[in-house]
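Work out the full structure, taking the sequences as your base and the hints as a guide.
The residues making up each chain are set out below.
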Amino acid sequence: MEPGEIHALLGENGAGKSTLMNVLYGLYQPDEGEILVDGRPLKLKGPSDAIAAGIGMVHQHFMLVPVFTVAENIMLGAEQVRGGIAGLLDRRRARREVAEVSERYNLRVDPDAVIEDLPVGIQQRVEIVKALTRDVDLLILDEPTAVLTPQETEELLAVMRSLKAAGKSIVFITHKLGEVKAIADRITVIRRGRTVGTASPEASRDELAALMVGRSVRLTVDKTPAKPGRPVLEVAGLVVDDDRQVRAVDGVDLTVHAGEVLGVAGVQGNGQTELIEAIMGLRPLLAGTVTLDGQPVHGWSTKKVLRAGVGYVPEDRSVDGLVKEFSVAENLVLDIYDQPPFGAGLALKPDEIARSAKERIEQFDVRTSSAEAPVGTLSGGNQQKVIVARELSRPLKLFIAAQPTRGVDVGSIEFIHSRVVRERDIGTAVMVVSSELDEVIGLADRIAVMYRGRIIGVVGPDTPREEIGLLMAGITPDATGASGTPGGAPAPDGAAPAPEVPGSEDKA
Amino acid sequence: MTNPDPQPGSPDKEPATEAQAAQTALGNTERAETATTPKQPGDGGRPSLGRLFLDNLWAANTFTVTLLSLVLAMIVGAVLIIVSDPDVLATYSYITARPSDAINSSWTLVSEAYANLFKGAVFDPEAFSGWLNGSNGWEAVLAPISETLTYTAPLVFTGLSVALAFRGGLFNIGAQGQATIGVILAALAGFLLPLPPGLHLLVAVLAGALGGAIWGFIPGILKAKAGAHEVINTIMLNYIATYFLTWLIVQNGIQDPNRTDAISRPVDASAQLPRLLGDNLRVHAGILLAVLATWAVAWLLNRSTLGFELRAVGANPDAARTAGISVTRTYVLIMVFAGILAGLGGSNMVLGSTASALTPLVVAQIGFDGILVALLGRVKPWGVALAALLFGALQAGGNRMQSYSGISLELVTVLQALIVIFIAAPALVKAIFQLRAARAARLQTSLAKGW
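Chains A and B supply the protein sequences, listed in that same order. Numbering-wise (our numbering), the first sequence opens with residue 343 and increments by one. Numbering-wise (our numbering), the second sequence opens with residue 201 and increments by one.
What the hints contain is simulated information worked out from the structure, not anything from laboratory work. Treat each hint with caution, since some may be false.
[Stated by the list, open to error] Far from chain A by the CB rule (all over 10 Å, computed), these chain B residues: (1) V276; (2) D301; (3) D518; (4) A557.
[Stated by the list, open to error] If the Cβ cut is set under 7 Å, some of the chain B residues that face chain A in the computed set are: (5) S293; (6) A496; (7) A512.
Note that the coordinates shown come from a computational prediction; the quantities given were computed from them, not determined experimentally. Idealized CB from N, CA, C, for every residue including glycine.
Now the structure itself:
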């Protein structure tokens with residue numbers, strides 16, 4: 343890092359960007375290697391060391407006390423006291439400091455405003471001011487634009503420019519190409535915990551996208567060409583909000599045919615999660631229709647949707663997919679425990695559950711000490727196999743798998759993929775949602791790319807990955823020229839300020 | 201706390217049959233160890249304090265730990281006994297001159313007190329020899345057991361009520377209020393409805409269950425529909441129930457016409473639970489109902505689809521919802537069932553032999569004691585039954601200790617509290633520390649995750 347430089351750290355989800363920065367900020371201890379500041383190695387035992395060394399960080403999730411005022415939040419952790427030990431908080435001084443910093447860097451904030459009343463963009467500004475009052479030279483911004491509207495993003499970029507002019511260095515973590523090109527002086531691309539390249543902002547989007555999504559290992563899936571049949575799932579004009587009541591799915595139309603795999607690609611948080619949850623009856627839809635085999639299923643309970651012949655592998659297995667305290671056998675019947683032969687009336691049939699568990703464990707190659715072992719003791723891959731086994735062990739019309747191989751070892755990935763293809767071949771409509779582009783390309787017969795709550799394009803599996811990567815970044819082939827607007831995420835549709843990454847904070 | 205503490209995997213198979221149950225309940229020690237599986241690191245779970253507390257309780261509360269807690273509680277109780285007796289305390293003023301005085305008198309006092317506790321709760325050798333040489337009847341021999349079981353029965357119900365809710369992820373502080381409404385409806389049915397014997401009893405017991413069900417339904421539906429926290433609502437409903445009872449007793453048609461104090465008309469004989477061992481012993485059919493209820497709850501939890509839903513919701517509501525289980529419906533059902541159980545416990549208090557009319561204190565503390573019983577019993581049905589038996593024995597023995605050794609009955613309450621503290625405190629402390637560690641870890645992972 344040079345003084346007065348904006349250095350962008352670019353990478354996909356889970357590439358290790360945030361981890362690296364947390365090491366810099368002293369939250370994590372490095373296992374190996376060292377950090378040099380002004381040529382001297384630096385040992386950071388915690389954030390206070392980092393602040394002392396002139397490193398400040400603005401987290402993705404703001405670290406502000408919502409009921410405190412701006413000034414109170416800024417002095418938090420460095421309270422100024424008047425009148426000795428039992429003294430009073432020096433609010434006046436805190437206010438003055440806020441005013442000073444605001445003035446110097448042209449960051450308008452009202453010191454007396456209460457945080458919870460402020461819009462997200464201003465809260466972020468408070469975080470920046472907070473870091474600046476600690477006299478930092480290097481400011482780390484972790485996905486700062488993730489929660490901002492395009493207008494707020496514009497303002498943030500302006501703030502970053504003025505900080506740069508004042509000689510501060512900024513590390514800017516993001517996966518959005520447009521912002522990087524607009525503001526960065528230097529770009530480092532990280533993938534799977536390694537630096538895969540350094541680029542200048544003049545590099546084309548294609549180059550950056552290729553660096554970002556490219557994979558050294560490419561998994562191929564053996565399959566015959568699809569024989570698509572009748573449409574099974576039809577989604578029309580679907581509109582869904584996320585947990586924060588922000589529009590997440592904004593008018594999606596989709597059709598999945600029997601005997602084909604529709605892959606849904608896209609950067610995490612572009613509405614894929616909400617789309618599936620709406621189809622499954624887990625999330626209310628604000629508009630649009632979902633039909634299964636010609637029958638409208640929107641407004642149905644999750645149980646009814648599952649009973650209608652839909653299999654569902656949720657994207658976060660430890661939260662939504664499994665009850666960790668339950669045994670493997672119990673998890674294998676988690677959504678069919680009350681159906682014959684496992685349940686009759688009010689009674690469960692433990693013998694049937696155990697017998698079927700043995701079969702499934704055998705069929706799906708689940709490595710477990712016994713069917714009675716708590717599922718939480720299994721490895722990630724085997725946990726995932728338990729879910730896949732559960733969902734594929736009843737007759738299905740539609741099989742929806744979200745991130746089916748996230749955090750799963752290579753062997754299990756191949757197994758799960760082959761099962762997905764086998765399900766397709768017996769005529770089930772399959773929808774695979776994944777942020778792993780290779781997975782989508784390998785499995786899908788058609789690929790729908792989601793961006794900002796919309797299907798931005800549907801392409802064949804032979805489409806070059808770079809083109810899909812561009813679509814994932816929101817750039818349609820015909821709009822490539824126009825979207826080069828400096829500063830900020832290109833919004834081809836301009837009108838819909840759908841958030842970039844809604845509702846995926848802890849799921850990523 | 202830094203190393204990954206073993207966490208019970210709690211596959212928690214409840215014993216299938218009653219016979220197995222007794223065996224397993226005694227074998228808690230071994231089971232707890234086998235059930236303990238190493239915690240998966242970085243599993244991203246979000247433990248609540250209640251959840252962690254429960255896990256630690258399961259891990260820590262083995263049979264030996266319970267026994268040790270009992271011993272520790274009795275040692276602390278012994279100190280209290282000595283301190284509260286002025287004569288014995290006086291001997292300590294010259295303990296350096298004649299330590300034997302202090303030691304002897306303390307020993308006599310404490311040993312007699314605990315001997316009376318035992319004699320009042322389990323077995324009195326003097327009554328036994330009296331029966332052998334004919335100076336008293338067989339009833340005197342069985343009297344301690346009879347007393348113990350009489351106090352045990354309602355605690356089983358309230359303990360099960362709290363335990364069932366706990367398993368479903370809800371903290372039912374409201375067993376007291378549910379029992380209070382239960383006692384009111386049971387008593388009203390008992391003295392207002394002119395019904396033939398047998399039917400009258402059945403109706404009165406069911407009325408008690410209904411009362412509890414209503415009082416459980418309210419916080420349940422509030423939780424399900426409005427997200428109102430059940431702890432706060434059940435506490436508030438406890439107050440409402442208590443003061444409603446106080447008001448109701450002195451109303452016309454309710455109050456005993458021959459009395460001026462706050463007492464209701466007595467429950468008709470036809471609505472009273474039959475005594476099991478003749479009129480001289482207080483033990484009544486409530487204890488049989490309690491055993492039946494324990495079995496029913498054990499079956500419900502482990503052998504029924506409803507119990508499956510309940511446990512799934514309690515362990516991971518998100519996964520339960522994704523698997524098509526209606527979490528809100530389950531919450532309501534849990535609270536209704538918890539209310540039914542507590543209401544049955546309330547019925548015991550007025551249809552059994554402890555009282556036959558409503559008074560402001562007719563429910564005693566069975567609802568709050570039920571929380572302790574549930575924790576002591578590791579929120580498992582048969583464990584709860586055993587814990588209730590222990591508390592019942594302490595209560596019965598405490599009565600004798602009070603009349604024979606002159607030691608206040610409150611000491612028993614102190615003992616009960618101490619036992620639970622000794623058992624629960626390590627679990628609580630561990631839970632809090634683990635939570636803190638988990639929180640720190642979560643903070644870091646959420647920082648590290650990113651997009």
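Verification of the hints:
| no. | hint | verdict |
| --- | --- | --- |
| 1 | V276 | 35 Å, holds |
| 2 | D301 | 52 Å, holds |
| 3 | D518 | 5 Å, violated |
| 4 | A557 | 38 Å, holds |
| 5 | S293 | 44 Å, violated |
| 6 | A496 | 11 Å, violated |
| 7 | A512 | 5 Å, holds |
Going down the numbered hints, you'll see the structure goes against 3, 5 and 6, while the others check out.
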